[in-house]
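Participant: Okay, here's what each chain looks like letter by letter:
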Amino acid sequence: MEHRVYSLPKKRMGELFGLISSSRQLFLPMEKGGQFQFSRVDEHTDLEGVSLDRLLTAGSAKELFFPQTQQIAAFRRRGKEIELTSAETLTSAFVAFGVRACDARSLEVLDRAFLGTPRDTMYEEKRSKGTVVTLACNEPEETCFCSVFSIDAASPKGDVETWIAGDTLYWRPGSEKGAELTQELDALLDPCSEEEPEGLIQLKQQIRSIIGKLPLGRLSLEQFRPEALQELFDDPAWQKLSEPCIGCGTCTFVCPTCQCFDIRDFDTGEGVQRFRCWDSCMYSDFTTMAHGNPRTSQVERFRQRFMHKLVYYPANHDGLYSCAGCGRCVSKCPNSMNMVKVMKTLGGAQHV
Amino acid sequence: MSNCSCNSTNALVPTIGVVTDIRVDTPDVKTFRVTGVQGGLCFDYVPGQCAMLSIPGVGEAMFSITSSPTNREYMEFSIKKCGILTDWLHEIEPGQQVAIRGPYGNGFPVDTVLKGRDLLFIAGGIGLAPLRSVINYCIDNRKDYGTIDIVYGARSAEDLVHIDELKTYWNSLENVSVHLTIDNPQEGWDGHVGFVPAYVQELGFDVDRTVLVCGPPIMIKFTLASLGELGFEKSQVYTTMELKMKCGIGTCGRCNIGSKYVCKDGPVFRCDELESLPAEY
Amino acid sequence: MHNSSCTVKETARKILESGQAERLLGWEQDSSGYNHAPAVFKSAGELDRFIYDRFCGSNLSKLLARLREAEGRTAVLLKACDRESFNLLVREHRIDPEQVHRVDIECSGMVDIEKLRNKGIKGIREITESGDELHISTLYGEKRCRSEEVLLEKCLSCPAVSSADAFDAVGQMEERSSLERYEFWKEALSTCIRCNACRNSCPVCTCEQCIFDNPRSGTAGKASADFFEDQHFHLVRVFHAAGRCTDCGECTRVCPQGIPLYLLNRKVIKDINELYGELSLEDKELGKGALTSFSFQDAHPDIIRKRTGDQ
Ligand code: SF4
Ligand code: SF4
Ligand code: SF4
Ligand code: SF4
Ligand code: FES
Chain X
367 MEHRVYSLPK KRMGELFGLI SSSRQLFLPM EKGGQFQFSR VDEHTDLEGV
417 SLDRLLTAGS AKELFFPQTQ QIAAFRRRGK EIELTSAETL TSAFVAFGVR
467 ACDARSLEVL DRAFLGTPRD TMYEEKRSKG TVVTLACNEP EETCFCSVFS
517 IDAASPKGDV ETWIAGDTLY WRPGSEKGAE LTQELDALLD PCSEEEPEGL
567 IQLKQQIRSI IGKLPLGRLS LEQFRPEALQ ELFDDPAWQK LSEPCIGCGT
617 CTFVCPTCQC FDIRDFDTGE GVQRFRCWDS CMYSDFTTMA HGNPRTSQVE
667 RFRQRFMHKL VYYPANHDGL YSCAGCGRCV SKCPNSMNMV KVMKTLGGAQ
717 HV
Chain L
734 MSNCSCNSTN ALVPTIGVVT DIRVDTPDVK TFRVTGVQGG LCFDYVPGQC
784 AMLSIPGVGE AMFSITSSPT NREYMEFSIK KCGILTDWLH EIEPGQQVAI
834 RGPYGNGFPV DTVLKGRDLL FIAGGIGLAP LRSVINYCID NRKDYGTIDI
884 VYGARSAEDL VHIDELKTYW NSLENVSVHL TIDNPQEGWD GHVGFVPAYV
934 QELGFDVDRT VLVCGPPIMI KFTLASLGEL GFEKSQVYTT MELKMKCGIG
984 TCGRCNIGSK YVCKDGPVFR CDELESLPAE Y
Chain W
740 MHNSSCTVKE TARKILESGQ AERLLGWEQD SSGYNHAPAV FKSAGELDRF
790 IYDRFCGSNL SKLLARLREA EGRTAVLLKA CDRESFNLLV REHRIDPEQV
840 HRVDIECSGM VDIEKLRNKG IKGIREITES GDELHISTLY GEKRCRSEEV
890 LLEKCLSCPA VSSADAFDAV GQMEERSSLE RYEFWKEALS TCIRCNACRN
940 SCPVCTCEQC IFDNPRSGTA GKASADFFED QHFHLVRVFH AAGRCTDCGE
990 CTRVCPQGIP LYLLNRKVIK DINELYGELS LEDKELGKGA LTSFSFQDAH
1040 PDIIRKRTGD Q
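Residue numbers (this note's numbering), protein chains in the order written: chain X, 367 to 718; chain L, 734 to 1014; chain W, 740 to 1050.
Chain X with its partners taken away, still in its complex shape (with noise of 0.2 Å):
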């Protein structure tokens, strides 16, 4: 079903927050000691931090249905018996507004990781209690290149979608759960007269024509086929690419797409909770066994992640990517290597 578009004025966006978060937990992207963070928001909070107008948050929305670290279960130990005293929690419904398309894109990557045979329980239950509010990108970074990845910047795929057009604020719902929201922000929604409104298309032409622009927007795509798997697993470009890699992690962690993660147990002296954290590939630890490592190097480690993202991932899901484009990688790593590097060396080009 098509939905209709609304709007509203953008300086009652505080007013649609606030009602918003009456009813369910809102999250927003919101300054923190310089950097941008999805942020949850009440009644109490000083809506002066909400940035809308800076484009990617620190870490990416994955945060949201795929937190940091995620209690699984809790025991006691007495003697020799163990006591299951409680598994996973449940999430409050909640929406997060200000989902730029890639982060948007990149849920779509974790459906099919987590929602395969067996479903992830805990992302399910996150996925299906959020709302995500996507926003069009009004001013690209030099660093984004989801275009390349078929994700259009200036109409971003989620339950809402949502326009800054000068002084209005566009919402057009883009599923069952993004209609029901929109129902409930009835009071403060004004439904437009157009299918598209003219301050809404124009947006939009701005938006590619710039998507159009951007430096990174032509990367190739083409060597990256499951067939290629072999030949590109042993290019020898890995050694080279991987040179300035020190296996830090912080690729993975601001990743919106990364899901790799570890079960650890925390021993609270109460009892012993178990839970999982983000983990990755680029550590040594990750795939270290009591009798030895696969990966005994960082280029491997290195070789890992792109290949997952380029060749693996795409082998097992229909050909998606699991890169989003979002460029994270590409402005926070220590060291400068990052996914466009490998793609340009790899695709065949020197990257610089």
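Calculated from the structure, these hints are not laboratory results. Accuracy of the hints is not assured; some may be wrong.
In silico DSBU-like links for lysine-lysine, alpha-carbon gap of 35 Å or less [what the hints assert, rightly or not]:
| id | chain 1 | residue 1 | chain 2 | residue 2 |
| --- | --- | --- | --- | --- |
| 1 | W | LYS854 | X | LYS579 |
| 2 | W | LYS882 | W | LYS858 |
| 3 | W | LYS858 | X | LYS377 |
| 4 | W | LYS925 | X | LYS398 |
| 5 | W | LYS781 | W | LYS748 |
| 6 | W | LYS748 | X | LYS492 |
| 7 | X | LYS377 | W | LYS748 |
| 8 | L | LYS997 | X | LYS543 |
| 9 | L | LYS763 | L | LYS954 |
| 10 | W | LYS858 | W | LYS753 |
| 11 | W | LYS925 | X | LYS492 |
| 12 | W | LYS854 | X | LYS606 |
| 13 | W | LYS1006 | X | LYS606 |
| 14 | W | LYS882 | X | LYS377 |
| 15 | L | LYS997 | X | LYS523 |
| 16 | L | LYS848 | L | LYS954 |
| 17 | W | LYS925 | W | LYS748 |
| 18 | X | LYS710 | W | LYS854 |
| 19 | L | LYS997 | X | LYS492 |
| 20 | W | LYS1006 | W | LYS858 |
| 21 | X | LYS376 | W | LYS861 |
| 22 | W | LYS748 | W | LYS861 |
| 23 | W | LYS858 | W | LYS925 |
| 24 | L | LYS763 | L | LYS997 |
| 25 | X | LYS579 | W | LYS748 |
| 26 | X | LYS710 | W | LYS753 |
| 27 | W | LYS781 | W | LYS753 |
| 28 | L | LYS813 | L | LYS900 |
| 29 | W | LYS1006 | X | LYS398 |
| 30 | W | LYS925 | X | LYS495 |
| 31 | X | LYS398 | W | LYS854 |
| 32 | L | LYS954 | X | LYS606 |
| 33 | W | LYS781 | X | LYS606 |
| 34 | X | LYS570 | W | LYS1006 |
| 35 | X | LYS376 | W | LYS882 |
All of these numbers come straight from a predicted model, not from anything done at the bench.
Put chains L and W with the ligands on the given structure of chain X with help from the hints.
Facilitator: Relative to the frame of chain X, chains L and W with the ligands by itself:
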């Protein structure tokens, strides 16, 4: 059916089982018998599948199930002492509860490819553990399978696991032959001496068999070469892989070989399939 | 753009051509104009892609330590802020000075791209420099800003570039009450994602296996499950680096969350300077660091209570 009481649908949440018996196999391998708290199996499985065992606060790790699912009373795990969790497990006594989840992986194709075939099992050291599940499964469904040969070797006589079963049970069955070997001569051992791959070649088997191999990577490598010389195709040989695992369901991202996840697409691979994957294992 | 950039490249060429070193550790140019990665150059021919400009903030000495096993001599370019870490790594036997051709290079301050972005500058295409101004051509028009406004934190108090006192901010922090300081760090560290960029780029962190990675240490932990874990990681790191941290500024530069880690390290340096005399690594032998040797002139532990006035 499961007697464990846990209602969580979360695949990462274990149920509680209890260790009812512990057998010392070798100086560093013990076999643990595990049942649900009320007895019986914690879950159903097929030979070759694995389970995650844990002692909360100590660790969690993946082990192959060494008993056959035809045994409805308990599961068994043969565990080598080689890390924090396994050190701990080697200290426990019967009655100790453990957290357990599973089953994980694909298992051996006992009800398809292996049906009606003459089988050759080749194992080294603790590698007998996953194969033992298949062997007992075949023995319990004897009419479904042809002759069974088991070639098994270890460093020394003391390192052979499940030795009683090998010598007195399997060896006594019709159409089942056990061929044991140890790496170096030692006092009191009058059997074969030498490495498994060479022994396989020495014994020489008909190429119409389906082969199941498990052991240290280096042994697998040379065994495949021996089998090749005997005229076996890689597509006749199955093996089972071991990589670091955490989730068991293909989501934690650490057990992949190329685009295949050992916990989900494996641990059992046909050797020609394995060969088509990047050599990162 | 940099006065010295051509000279540095020339020096690099001479070193490789003359065979003074087998390889040279420097920076490789990126098409973005600023995202230059450290790289190893093995011949003068490879230097086409060499760059040295305002965007070579990374400290090469840590990477040098990784090349320890490489055959032959390695030449390394050291900015003023990188030299003390080099000294430290030599002192701790992580680098064999015999195997290294050390080249001290000039630097007039490195630009922090994050600071440019925080000024609202987006879609950077090219950055040029004239006088003390940066001209940034962006997808959204031409922008300008004074270079000193966007220097990396570490450059702001580097004697080569500025006369500011590195310990000012620490002094201000000391003025606050312990409760205020606690709240400050609780807030600041709450955003830590334990990505380990700070640790892995730190030239002091060269342990073969960090206790936070060692499953047998009892303190291994990947996640910041709570504030205790955040504090634990950072405070243990600061104390392990005490007397060794050279204030090279890498941790602060690389933190994706913009956490002001330098405040912690400088507090320790300031205390060591006050209590044990100025920190310098150049002429110190191993085991003669402020916290790894003892003399009767050393400060009494009691000093803590005296200084804070706490009971
Ligand atoms: S952020 Fe950069 S240095 Fe760190 S692991 Fe990723 S590629 Fe390596
Ligand atoms: S690999 Fe880099 S560009 Fe791609 S989604 Fe991850 S962080 Fe973004
Ligand atoms: S990568 Fe695309 S969708 Fe993401 S922030 Fe940039 S322009 Fe927007
Ligand atoms: S670099 Fe920053 S976010 Fe990463 S571990 Fe260090 S302090 Fe935490
Ligand atoms: S064990 Fe987690 S993906 Fe295989």
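Participant: Now tell me if each hint is right for this structure.
Facilitator: Tested hints:
Of the pairs offered as hints, the one joining LYS854(W) and LYS579(X) holds, with about 24 Å between alpha carbons and a cut-off of 35 Å not exceeded. With a C-alpha separation of about 10 Å, the suggested pairing of LYS882(W) with LYS858(W) holds against the 35 Å cut-off. Of the supplied pair hints, the one linking LYS858(W) and LYS377(X) holds, its CA atoms being roughly 23 Å apart against a limit of 35 Å. For the suggested pair LYS925(W) and LYS398(X), the alpha carbons sit about 13 Å apart, so the restraint of at most 35 Å is met.
Between LYS781(W) and LYS748(W) the alpha-carbon distance is near 14 Å, which keeps this suggested pair within the 35 Å criterion. Restraint check: the Cα-Cα separation between LYS748(W) and LYS492(X) comes to about 53 Å, which exceeds 35 Å; the hinted pair is violated. Taking the CA atoms of LYS377(X) and LYS748(W), the gap is about 53 Å. The hint is violated against a cut of 35 Å. Note on LYS997(L) and LYS543(X): the hinted pairing holds, with a Cα-Cα distance of about 32 Å set against a maximum of 35 Å.
Taking the CA atoms of LYS763(L) and LYS954(L), the gap is about 26 Å. The hint holds against a cut of 35 Å. At most 35 Å may separate the alpha-carbon atoms for a hinted pair to count; LYS858(W) and LYS753(W) exceed this at roughly 40 Å. A threshold of 35 Å between alpha carbons decides the hint, and for LYS925(W) with LYS492(X) the separation of about 27 Å falls inside it, so the pair holds. Our distance criterion of 35 Å between C-alpha atoms is met by LYS854(W) and LYS606(X), whose separation comes to about 30 Å.
A threshold of 35 Å between alpha carbons decides the hint, and for LYS1006(W) with LYS606(X) the separation of about 38 Å lies outside it, so the pair is violated. For the proposed pair LYS882(W) and LYS377(X), the alpha carbon gap of about 28 Å is at most 35 Å, so the pair holds. Between LYS997(L) and LYS523(X) the CA atoms are separated by roughly 31 Å; this keeps the pair inside 35 Å, and the hint holds. This hinted pair checks out: LYS848(L) and LYS954(L) have alpha carbons roughly 26 Å apart, not beyond 35 Å.
Pair hint LYS925(W) plus LYS748(W) does not hold up; C-alpha atoms about 45 Å apart against a cutoff of 35 Å. Restraint check for LYS710(X) and LYS854(W): the C-alpha separation of about 27 Å stays at or below 35 Å, so the hint holds. Our distance criterion of 35 Å between C-alpha atoms is met by LYS997(L) and LYS492(X), whose separation comes to about 24 Å. Between LYS1006(W) and LYS858(W), the direct Cα distance comes to roughly 29 Å. Compliance with the 35 Å bound is thereby established for this hinted pair.
For the hint linking LYS376(X) to LYS861(W), the alpha-carbon distance of about 22 Å falls within 35 Å, and the restraint holds. With a C-alpha separation of about 30 Å, the suggested pairing of LYS748(W) with LYS861(W) holds against the 35 Å cut-off. Straight-line distance between C-alpha atoms of LYS858(W) and LYS925(W) comes to about 26 Å, which keeps the hinted pair within the 35 Å bound. Restraint check for LYS763(L) and LYS997(L): satisfied, since their Cα atoms lie roughly 27 Å apart, inside the 35 Å limit.
For the hint linking LYS579(X) to LYS748(W), the alpha-carbon distance of about 32 Å falls within 35 Å, and the restraint holds. In summary, the hint linking LYS710(X) to LYS753(W) is supported, as the alpha carbons are separated by about 30 Å, within the 35 Å threshold. This hinted pair checks out: LYS781(W) and LYS753(W) have alpha carbons roughly 12 Å apart, not beyond 35 Å. Distance hint between LYS813(L) and LYS900(L) is fulfilled; the C-alpha atoms sit about 21 Å from each other, no more than 35 Å.
The straight-line distance between the Cα atoms of LYS1006(W) and LYS398(X) is roughly 23 Å, inside the 35 Å bound, and the hint therefore holds. Only pairs whose Cα atoms come within 35 Å are accepted, and LYS925(W) paired with LYS495(X) is accepted, the gap being roughly 29 Å. Proximity of LYS398(X) to LYS854(W) is assessed by CA-CA distance (about 15 Å); at most 35 Å being required, the pair is judged to hold. A threshold of 35 Å between alpha carbons decides the hint, and for LYS954(L) with LYS606(X) the separation of about 30 Å falls inside it, so the pair holds.
Between LYS781(W) and LYS606(X), the direct Cα distance comes to roughly 11 Å. Compliance with the 35 Å bound is thereby established for this hinted pair. Annotation: proposed proximity of LYS570(X) to LYS1006(W) is violated, straight-line Cα distance about 51 Å (limit 35 Å). Only pairs whose Cα atoms come within 35 Å are accepted, and LYS376(X) paired with LYS882(W) is accepted, the gap being roughly 27 Å.
In summary, the numbered hints that this structure violates are 6, 7, 10, 13, 17, 34.
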